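Student: So the protein sequences, as listed, match chains A and B. Here the first sequence stands for residues 1 to 276, numbered as in the numbering used here. Here the second sequence stands for residues 277 to 915, numbered as in the numbering used here.
Some hints here could point you the wrong way.
What the hints assert, rightly or not - With a straight-line cut-off of 25 Å between C-alpha atoms, the simulated SDA-like cross-links for lysine to any residue are: (1) B/K379 x A/L186; (2) B/K379 x A/Q179; (3) B/K501 x B/S298; (4) B/K379 x A/W178; (5) B/K379 x A/F181.
Hints listed in this document are in silico derivations from the structure and should not be mistaken for laboratory results. The structure displayed is predicted, hence computed values, not measured ones.
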Amino acid sequence: MRASDRSMKWLIVGLVLLYAGLLLLGPLVAVVTGAFAEGAGALVRRLSAPDAVHALKLTLLLAAGATVFHAVLGILVAHVLVRDSFRGRRFLDGLVDLPFAVSPVIAGFMIILLFGRDGWLTPLADSAGIKFVFSLPGMFLATAFVSLPFTIREVMPVLEQHGHDQEDAALTMGASPWQAFRRVTLPGIRWGVLYGISLTFARAIGEFGAVLVVSGSVAGLTETSTLFIFRSLDERDAVGAHGMALMLAAVSFTLLMAMELVRRRGARQMTKGEEI
Amino acid sequence: MSIVLHDLVKRFGGHAVVDHVSTEIRDGELFVLLGPSGSGKSTILRIIAGLVPADDGRVVLHGRDVTLLPPQDRNIGLVFQDYALFPHMTVAENVEFGLAIRKVPREERAARRDELLAMVDLAGYARRDVRRLSGGQRQRVAVARALAFEPSVLLLDEPFGALDVKVRGQLRRALKEVQRRLEVTTILVTHDQEEAFELADRIGVVEGGRLLEVGEPGELYHRPKHQFVAQFLGDAALIGTRRIGDRVRVGELELPVPVPAGGDGGSEWALLFRPEDLALVDPASPAGEGKPLGTGRVEEVLDLGPVRRVDVRIDSLEHAWHIGAGFGEEGIPIRTFLPALRNGESALREGEQVRIEMRGYHLLPRLSMRVLAWAGDEEGLDEVFPMARTLSTVMGGEVTFLITARDESDGQRKHASLSAGLSARGMTAPIEVRYGPPVEEILRMAVGRRQDLVLVPDYERDAKPTRERRMVAEDLARRAGTPVLFASSDKDRIERVLLCTGAGEEGKADVAFGGRFARSVGARVTLLFVDDRVVPAWEQDRIHVEPPWILEHLRRGVEALRARGVNAHVEVRRGPVLEQILAEAEEHDHDVIVVGGHVPGSRGSGRATPDLASELVRRADRSVLVVHDTTVPFAAVRS
Numbered sequence: 001m002r003a004s005d006r007s008m009k010w011l012i013v014g015l016v017l018l019y020a021g022l023l024l025l026g027p028l029v030a031v032v033t034g035a036f037a038e039g040a041g042a043l044v045r046r047l048s049a050p051d052a053v054h055a056l057k058l059t060l061l062l063a064a065g066a067t068v069f070h071a072v073l074g075i076l077v078a079h080v081l082v083r084d085s086f087r088g089r090r091f092l093d094g095l096v097d098l099p100f101a102v103s104p105v106i107a108g109f110m111i112i113l114l115f116g117r118d119g120w121l122t123p124l125a126d127s128a129g130i131k132f133v134f135s136l137p138g139m140f141l142a143t144a145f146v147s148l149p150f151t152i153r154e155v156m157p158v159l160e161q162h163g164h165d166q167e168d169a170a171l172t173m174g175a176s177p178w179q180a181f182r183r184v185t186l187p188g189i190r191w192g193v194l195y196g197i198s199l200t201f202a203r204a205i206g207e208f209g210a211v212l213v214v215s216g217s218v219a220g221l222t223e224t225s226t227l228f229i230f231r232s233l234d235e236r237d238a239v240g241a242h243g244m245a246l247m248l249a250a251v252s253f254t255l256l257m258a259m260e261l262v263r264r265r266g267a268r269q270m271t272k273g274e275e276i
Numbered sequence: 277m278s279i280v281l282h283d284l285v286k287r288f289g290g291h292a293v294v295d296h297v298s299t300e301i302r303d304g305e306l307f308v309l310l311g312p313s314g315s316g317k318s319t320i321l322r323i324i325a326g327l328v329p330a331d332d333g334r335v336v337l338h339g340r341d342v343t344l345l346p347p348q349d350r351n352i353g354l355v356f357q358d359y360a361l362f363p364h365m366t367v368a369e370n371v372e373f374g375l376a377i378r379k380v381p382r383e384e385r386a387a388r389r390d391e392l393l394a395m396v397d398l399a400g401y402a403r404r405d406v407r408r409l410s411g412g413q414r415q416r417v418a419v420a421r422a423l424a425f426e427p428s429v430l431l432l433d434e435p436f437g438a439l440d441v442k443v444r445g446q447l448r449r450a451l452k453e454v455q456r457r458l459e460v461t462t463i464l465v466t467h468d469q470e471e472a473f474e475l476a477d478r479i480g481v482v483e484g485g486r487l488l489e490v491g492e493p494g495e496l497y498h499r500p501k502h503q504f505v506a507q508f509l510g511d512a513a514l515i516g517t518r519r520i521g522d523r524v525r526v527g528e529l530e531l532p533v534p535v536p537a538g539g540d541g542g543s544e545w546a547l548l549f550r551p552e553d554l555a556l557v558d559p560a561s562p563a564g565e566g567k568p569l570g571t572g573r574v575e576e577v578l579d580l581g582p583v584r585r586v587d588v589r590i591d592s593l594e595h596a597w598h599i600g601a602g603f604g605e606e607g608i609p610i611r612t613f614l615p616a617l618r619n620g621e622s623a624l625r626e627g628e629q630v631r632i633e634m635r636g637y638h639l640l641p642r643l644s645m646r647v648l649a650w651a652g653d654e655e656g657l658d659e660v661f662p663m664a665r666t667l668s669t670v671m672g673g674e675v676t677f678l679i680t681a682r683d684e685s686d687g688q689r690k691h692a693s694l695s696a697g698l699s700a701r702g703m704t705a706p707i708e709v710r711y712g713p714p715v716e717e718i719l720r721m722a723v724g725r726r727q728d729l730v731l732v733p734d735y736e737r738d739a740k741p742t743r744e745r746r747m748v749a750e751d752l753a754r755r756a757g758t759p760v761l762f763a764s765s766d767k768d769r770i771e772r773v774l775l776c777t778g779a780g781e782e783g784k785a786d787v788a789f790g791g792r793f794a795r796s797v798g799a800r801v802t803l804l805f806v807d808d809r810v811v812p813a814w815e816q817d818r819i820h821v822e823p824p825w826i827l828e829h830l831r832r833g834v835e836a837l838r839a840r841g842v843n844a845h846v847e848v849r850r851g852p853v854l855e856q857i858l859a860e861a862e863e864h865d866h867d868v869i870v871v872g873g874h875v876p877g878s879r880g881s882g883r884a885t886p887d888l889a890s891e892l893v894r895r896a897d898r899s900v901l902v903v904h905d906t907t908v909p910f911a912a913v914r915s
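Take these sequences, add in the hints, and give me the full structure.
Tutor: So this is what it looks like as structure tokens:
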């Protein structure tokens, strides 16, 4: 290898390290130092304050709700898109990606248009006694909207690869379609499903824009963790902002690790499955 | 009867993959569905299992019509080609699945599972992970799993396909034993004829979605009713011959025709020989016990260990032709087997002359030509009708009329008009209605239904055809894979066929198909070659001699035609090709012009060049038969 080639290689490696350091590691270090700037005691005090606890609880509740919601409906939609052919299938397939394309703020705005004062669906919601804007149902809707594609997009290729011979075999052995799905198909695609719902959860806890528009951001009522960070920064409460950011980062990091584990097991499963 | 299939039909995209299949399978029988891949046999199995809904027809299991029942209510055991074991379950859980679904108590399940695993020779494997099993073990688990819940019927889809040869043989015997012991009615699908012969009580041969023939293995092998069955099951030499009275003549021999029930079987018959039907004797020795078929030359002797495979070419036989002869091929190739040489025996050598004696034979009726006719409208029917009638009466062809319509009401109107038109002319023929653009539907049906010939109205520049008919003719002349006859109304008998040939690799399909066409209508053939080399003025008065390779090509062409039993002679003309063909047809009053066509590499790529075939269709005032070169394999198989 010529000397110029070698120096070129090191230059590229250096660039990559710099890029990763600045963009990924830098903020992490900043968050950790910021959180502990006034000592661990101050951090614990700030995060155990009622508004912080409420914000964190609300975020986890919304994310968990959206995840369960999509785990059920996402698998259903993926199943329909892969196995059934019907008029409008491709349109529906494309529509699934809409939340990727639309800004969350716009999504929130659309919910206000639908359910706000004089919204199209407001009379319907009123008659059902559900209030969407500035309340939990609206925030759930916003979170669910932005996290919709993840489970579907993860499950579809796995389901396609799984094929339907095993399902058909179960049917001929007397299983109902539901039994065949639950006892044969679902175990076959479980790693894909787990990966999909992890991504859904990660997306849901980080949601900000759509929830900001819909919730009204009332501390202790409709304020999620991300909104809490936003308010803390506004009020020059560095410990609160950094502390909550650290909490979310920790949750995401744990999830990321768990996901990586799942992915590896899934990959191993797949190579083993190919022998079948 | 355990399984009754009644007129099953399944279409995918207008193409019938299962085409009116009916049969009955007896209690405890092992029935093998045998056919080449893509023939629709697996689809038949899936229809019986309820995994694929039939478009038409009924499935009856043990007297119960299950056509509309979902698979889980049919009580059928199905073994998939790749077994479809559940990878997240153990062997035991796989085998017990059907019992667990039926809520059979745990102890009973375990007992049944152990019994079955012992039967397939996997005792002690219950707790194994199915992913850790070999291919053969997986297959046996799949069989045990399909039998665990005591299904009324067992279906197996190519169960040995994924295994190597050695394991295959062992498992076949094991399967047959299990099937005998449980006496469960079984259908097995395979493309392997050896497997079929080893396992089957009866075999059903499937081709192109149709169940051609059902019978015991020996019956199908020795006395097939279809040429396809004869050729698919083992080595077969087939010799075409024509019936005269109640016998056929092959060379010196006269053989009585077995008249099949319900018809005279048509005028063309095929003589089938299996290798064991033939004996090779020294031409000098006195006549043996067999009937003398003729003399021939040994082409190849291949030592296969216990036997020697001998290929012999019989010298041309009078009144007979080789079915599926290649271009320029002379004589009739046959194959036979001789035992390995013992010490001191003199070997049969290649090139040696032998006399062929016949110890057994079978005569089967030739399938008539299948013709798809499209008229378009009333005037179109005027054009195609005389030819359609000639093909169905003189040639004994099966003519089906196709109607292409825009919608339901259009289709009904055209159907009424066509059936009135046909009955007014005293002809009955099946009519099919398809919805879509004419050319697409014609081509799709021609390929899907394996038609030999497409019949459409001719189109001449001055006849003012409708736009639709003109487009159909122009398009088909360019891109049909099936031979297309552009029929002109002024001739209703075919006595002279003008076969235009170009020298070189092209022109084999047109000679083969044109020859078959001429023979089946009893016409004479003129093999025309047009030399379009520009001759300089100062050489025009000199005598031209065609180059030897052209003469050789023509000689081989005539031989190919005579080998098919066609009376043929050669004609050579000079000048522009198209004009000379038209002049020749005019001068000698030919009824049909046969011409090869070019199939462009990709259709719709820019402006198509007007080729000879479409020009001829446009200019000739008589019927033109265009045979594209893509028809070679197809025509060779059927002719």
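Student: Taking the hints in turn, state whether each one holds.
Tutor: Taking the hints in turn, this is what the structure says about them:
no.	hint	in the structure
1	B/K379 x A/L186	holds, 21 Å
2	B/K379 x A/Q179	holds, 13 Å
3	B/K501 x B/S298	holds, 17 Å
4	B/K379 x A/W178	holds, 16 Å
5	B/K379 x A/F181	holds, 18 Å
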